[in-house]
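Chains as they are written, first to last, in the numbering used here: chain A, 314 to 1000; chain B, 314 to 1000.
Hints listed in this document are in silico derivations from the structure and should not be mistaken for laboratory results. It is possible that some hints are incorrect.
Note: identical chains are not told apart, hence a pair may lie in one copy or across any two.
To be verified - No more than 20 Å apart at the CA atoms, straight line, and that leaves these computed lysine to aspartate or glutamate pairs for EDC-like:
1) Lys331 with Asp635
2) Lys930 with Asp920
3) Lys700 with Glu337
4) Lys801 with Glu423
5) Lys930 with Asp600
6) Lys905 with Glu889
7) Lys852 with Glu992
8) Lys864 with Glu889
9) Lys930 with Asp980
10) Lys379 with Asp927
11) Lys801 with Asp557
Chain by chain, the residues run as shown.
Protein chains: 2
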Amino acid sequence: MKIILSFVVVLLCIGTLKAENGYELWLRKHPAKAVNVTTSKQSAVLDMAKKELTEGWQGKAGSTIKLIVKADKDIKGDGFKINEGVIQANNELGILYGAFELLRRVQTGETTDNVVSNPSYQRRVLNQWDNLNGSMEHGFGGNSLFWHKGKDSLTVTDAERNRWRDYARANASIGINGSVIDNVNASPMVLSTPYLGKVKEIAASMRPYGVRIYLAVNFASPIKVGGLKTADPLDPGVIKWWQDKAKEIYALIPDFGGFLVKANSEGQPGPQDYKRTHVDGANMMADALKPYGGIVMWRAFVYSTTDADRAKQAYQEFVPLDGKFRDNVIIQVKNGPVDFQPREPFSPLFGAMKKTSVMPEFQITQEYLGHAIHLVFLSSMWEECLKSDTYQEGEGSTVGKVTDGSIYPQKYTAIAGVANVGLDSSWCGHPFAAANWYAFGRLAWNNTLTSDQIAKEWLVQTFSPRETNETLLTATTAWNSGFLLPVKKMMLQSREAAVNYMMPLGLHHMFSAYEHYGPGPWYAPPRVRVDWTPPYYHKADAKGLGFDRTKTGSDAISQYKEPLQSVFADVNKTPEIYLLWFHHLPWDYKMKSGRSLWEELCYKYQDGLTTVRDFQKIWDNAKPYVDSQRFADVQTRLMRQTRDAQIWKDGVLQYFQTFNNLPFPPDMERPMTTLKYIEATPPLNIK
Amino acid sequence: MKIILSFVVVLLCIGTLKAENGYELWLRKHPAKAVNVTTSKQSAVLDMAKKELTEGWQGKAGSTIKLIVKADKDIKGDGFKINEGVIQANNELGILYGAFELLRRVQTGETTDNVVSNPSYQRRVLNQWDNLNGSMEHGFGGNSLFWHKGKDSLTVTDAERNRWRDYARANASIGINGSVIDNVNASPMVLSTPYLGKVKEIAASMRPYGVRIYLAVNFASPIKVGGLKTADPLDPGVIKWWQDKAKEIYALIPDFGGFLVKANSEGQPGPQDYKRTHVDGANMMADALKPYGGIVMWRAFVYSTTDADRAKQAYQEFVPLDGKFRDNVIIQVKNGPVDFQPREPFSPLFGAMKKTSVMPEFQITQEYLGHAIHLVFLSSMWEECLKSDTYQEGEGSTVGKVTDGSIYPQKYTAIAGVANVGLDSSWCGHPFAAANWYAFGRLAWNNTLTSDQIAKEWLVQTFSPRETNETLLTATTAWNSGFLLPVKKMMLQSREAAVNYMMPLGLHHMFSAYEHYGPGPWYAPPRVRVDWTPPYYHKADAKGLGFDRTKTGSDAISQYKEPLQSVFADVNKTPEIYLLWFHHLPWDYKMKSGRSLWEELCYKYQDGLTTVRDFQKIWDNAKPYVDSQRFADVQTRLMRQTRDAQIWKDGVLQYFQTFNNLPFPPDMERPMTTLKYIEATPPLNIK
C-alpha cells in the first residue's frame, strides 16, 4: 500500500517536472522560505552571501541568520563556522562559503550546528584550456566562456558579464577561488595590453564571488609580445620585461592570482631553450610576481626522452631541483606519472619534493574518459589519488597530506582542476559532467571527503523536486529509493566501469590517435614519437602483455618510497588494478581469481560493458523523477556509452587476439563488430 | 580419463584439419574402403551410381553391393529399396538415389537394411533466379552458374561443364531432379535459338545425374522473340509460336521439364494484358508442352489490389479458376500468403484448389532471412509449413498431404525451392546456407522428415572428420558432444531466433526498402505502392499494433477452413506466433505469459539477440572440430548477425516507442544505437 501511495505521489509529481537544460547546475532555485539575514557590515561579497541566503532559504520559515566576520582559532584561511544560525569566518569570503554550505546542509538534511569547515588548499583553481580563438582544448562543453574570434573579440557585452558572474557563483558555491582563463598551451597574445583589458573585465565580474584570475603564459612572450630577441630567463631585458608586465597586470587587477606555465613540454618554449633550468625560469617569474603576492604554478608535465620510460621522466627532471624554487613557485603535478589515464598509480613526485610546494593537477574535462558522452564520476579517481599513501614520511603520508601542508611546510598550497566548462547551456555537455566540476571543488575544499558524500550532495541539489509543500515531501522516500540510491550507485560504479571497458588491470594510453576517445591499441604510424603510441605502453606480444617497470625493466618502481617499491616489484603483491602498469606478464599468468591473465582481461571488458548496459536500465527506471530534457539527454548519451563500451571490448580484445591467438572464455559474449572496421574507422565516426 | 583421452585425440585431429572452402558441400571425400559394385546393365546414370559407391564407400571393406533395376510394388517413381547389400529401383535414377542414400546411412550410422524410400513429390525442382546478365535476384552465393555477360556469353567452357556437373551431382545426392535455370522475372531472350543452344549444353551436363532443365519464360516472348504483335493466348499465331517453340526445345532437349511462369505479377506480362485469364495463359502453354510430357508451373504469387488486404488477393484470383487448368499445369504457391517472410501462416490456397495440381514454393535463398550473412536453418520453417493442418479434408490434411497427391489426385506433383546457389567457391555464401539447399532436397524427397534429422545428416556429412582409421574414430564421442549436439541445437534454434529479432508474434514485412535485409518498419515514401511499405502490415498506432484480419478487419481468416477460421478469429485461441498477423491489439493486451503485448514484444527481441549472441559462443567452442577457413567464415558472419540482431531490436522497438511512448521492461537491455542513425543508414552500411 505504501508503495502504491508513493507511486501515486510520484505520478502527481511528473506533471510538474518542467524541462531543465542544466544551466542552474547544483544551484537550482526552489521556492524560498522567509529568512532574516543580518550582517555586521556591508560589502560586495557579504551582499552576495546575504542574497544567496535570502533567495535560497529552505529551512524553517522566519529563521534569523547572523553573518559575523571575526577571527577564530578554529577557523583557517577562508574557512567558517556554522552554529545556531550564526555563520562566522575570518574574512568575507569565508562567510560566502559558509552561506553556501548552510544552504546545502539544509537541502541535504545534514546538521547545521557545530560545523567547522576549513579548506584543505589555499588556492583552489580551475585551469580552463581555452584558446583565444574561442575553441577549447579537450573541452566538451562548447566554446570558451571567455574568448571568441572576430573583430569584436575584445568587446565585452552584458551577456558575457552575466555568464562570467554565473560561472564565478557556481565556483564560489563549492569553494573554488581561482581560474586560469586561458590554455596552458598559451598564446603570448594574452599578455598584450588589449587582451589584458579584457582580462580586467573578466576579473571584475568574478571578484564579488572571490574568484581570482590567473593567466597561463607563454614562456616566449617577451619575444612574441615584447619584441625582445630572447626569452632567456637570466637576460636582464627579459627579467625587466616580466617585471613590467607584472606591474601592468596588477595595476589593472590588484588581486590577480599569478601565472601558470607549461614550459619545455610538448613543443612549448621554456628556459631549456636557453640552456637554463626550470628553476631559472620559474624563479624569474616568481620574482616578478612576488611584490604583488602573485604565484607561479609551474607544470611538471614534461617528458623529454631522458629515459626509455616516459613515466619516469618528470621525476628525473624535477626531483634534482627540489629546494631551489622560490616560495611562491608551486610545482603542478598531474595525478599520475603519464597523462590523465583512466587509472594510473599516483605520480612519484608527490612527497618526493620535500622542500618545494607541490600541487595536484586533476583533469575534470574527460579527455581520456569519454568526453562529454560517457557518464564517469571522476571523484572516485581523485579520491583514490588523494588517499594513496606515498609513505614518504611514514605510513599515512597520503598524496593529500603531502600537498596540503599537513606534512611539509609550504608557503602556498594549491590544487588545480582542468575545467570542463564552456558555453553550452548545460555548461559541461553531459548533465553528469557537472558532477565532476562539483566534486573537484568539494575535494579541493576538503581532500578527505568521500565520493559517496559528494555524489549524494550533488544529486540532491541537481535533481531533487523543486516543490517543498507538504504533499510532495512525502515523495521523498520514493525519491530516495527510486532515484537517489540507484543513481548514486551508478555514479560510484562509473569510473571503475570505464576503467574496465577501456583499460583494466593497469593498461594505459591505448587510445586512438589524437582525439583520445575510442580504442587504438594498434595506433603506431611511422614518424609519430613512440611514446605517443599505445604499443609503447601495452607492449603486447605473443607471450604476454604489460610494461615491465621493475628492475628487470624500466625500474620506474625505484621512484617510489619503500615499502611501495617492494610491493610494486613483486608481482604477487602488486595490486591487480596496477598489474600491467608495473609488469609484463604471460597471457596465462594466474590471477588471484584463478583465471588466466587473458581470461581476467576478457571478463573485465565484459564487466565494463555489462555495467554500462545496466546504467541504461538504472536511468530509465529513474525517469519518473527527472525532467524530460535532462532525462533524454542522459539517456541518449548512455546509449552511446554502451555502444562505445562494446567497441572498446571488441576492438581491444580482438587486437590482443592477433598476438595471443587465444579463444574467449567459453561463457562470455563474443564481439559484435570486426576489428578491421574498428581499426579503419575514426572512433567518433563509429555509430 | 576418457574425457582426457578424447581431448588428446581431438588435439591430434586439429593438425590434420585442412582448410576447406565448402565447395564439397555435404559430399566431402573420405578415404574409401574397398567395395565391389555389380550392375545388371550399363548406362550413364548407373555408371554414376557405381562411381559414387566405389569412391565414397566407408562401410566394411570388401563389401559387395548389387544394383538391380526391377519394378517392385513397394517402390514408387524414383524410389528405391536397400537391403543386405542390394539397391533396387524401378529405374536407373532410383538406383543413383539409393546409392547416395546408402553412403549417407553408412556415414551417419543408420541402418542399411530394410530401407524403402519413395519420393513425396515427382518433380523436385530448384528455381534459380539467375538473370541472363549473370546477376542473381536475391542470390547471395555469387553470380550465376549458368549465365554471364560478354560476347562469349553463349560459349561453353569445360570449366563450366564441370561446375554444372558438380551442381547436378549435389542435387542428385539429395533427390532434386529439376532446375529452372533462369529468373522467374524472365528475359524473353532465353527462348531465342542461340540461348536454347546453351540450354542444351547445360542439360547435357546434368543429364547423367537425372536433373532435368526447365525454363522460366516471359509471357510476352512471342512478341519479344517471335516478332508477333501480340502474346494473346487465344491468338492462333501465338498458340502456334509456342507450339513451334516447344518443338524446337524438345528437339534439342528431349527430357526438357517444362516452363515456369510469373504472369501478371509485379509488372510481368501475362494473359490479363489481353483480358484473358490465368487459365487461358497456362493451358495454352500446357497444350504446347503436352505432346512431349512437359509441364507448366504457373505461379500464384499475384497481388493486384482486388482487396484491401494483399494476403487475400492470390486466393481471390485463383480459387475461382479451380478445375479449369489442364492436368499438366501445376499452380506454384509460396508457403505463406504474403512473401517469404520469417514467419507466415500457410497460404490458404493449399487445399483450397481441390481439382488443380498445386505445388509449394519455398525460398532457399535468404532474401528475407539475413541473406548469406545470417545463420538461419530454414528446414524448421518448411517443416512448420508442410505439417500445418489445412483441415480441408478433415484433420490431418496437412500442406504436405494436400500437395503430394495423398489427398487429391494430381497427375503431377511437384515442389519448388528458390535456389541460393551461385558461383562462390562455397556455392551459397554462408557455409551453413548449404544446409538449406540440402534440407530443401531432403524435404522434397520426404515431406515428413524432421529438421532434427536433416540437421544431423547435414552436419555429419559436412563437418565430420575425414579420417576413418581406428584411432581417430575414437574421437567420435567427443565430436558428438563437442560439435554435433551443440551445433545442431544452434541450427534448430536459428529460425525462431531470426523471427524473434526480426519480427516476432506474427509481425511481417517490416524490412527496409528493397534489399530486404535490415529493419525498416518506418519505410513509407510517397509514390511507393502501400502494400510494399511496412506500415501497411504492422499498422502501429498510439493504441496498438497488428493487422486485423478477422471479420472486423480484412476478414482474411474466412479463406481458411474451419476450425481454423474460428481459431484465428478468436484472439485467445490464435497461436501467439501468428497473433499480430491476424489481430490488431492494444499495447497493453495481456499475453499468456502475463506480460503486456509491448513487454512480450520487447522480450522476444531480447531473446532473439541473446540467442544469436549465444550462437557465437557455441561456434567458438566448436572450433577444435572445424577447419580454420570454414570456422573463421562462420565466426565472422555470426558476429555480424549479432550486430544485426541488435540493430533490429534497437530499430524496431524504438520506432514503436514513437507511437506508444512506453518504457522498456525494467530488466531488459536498452538500445545501443539511435533510431535516428538506423533510420538514416542503409542497413547493409551499418557496421
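### Message
If you test the structure against every hint from before, which numbers come out violated?
### Response
Of the numbered hints given earlier, those the structure breaks are 1, 3, 5, 10, 11, listed in rising order.
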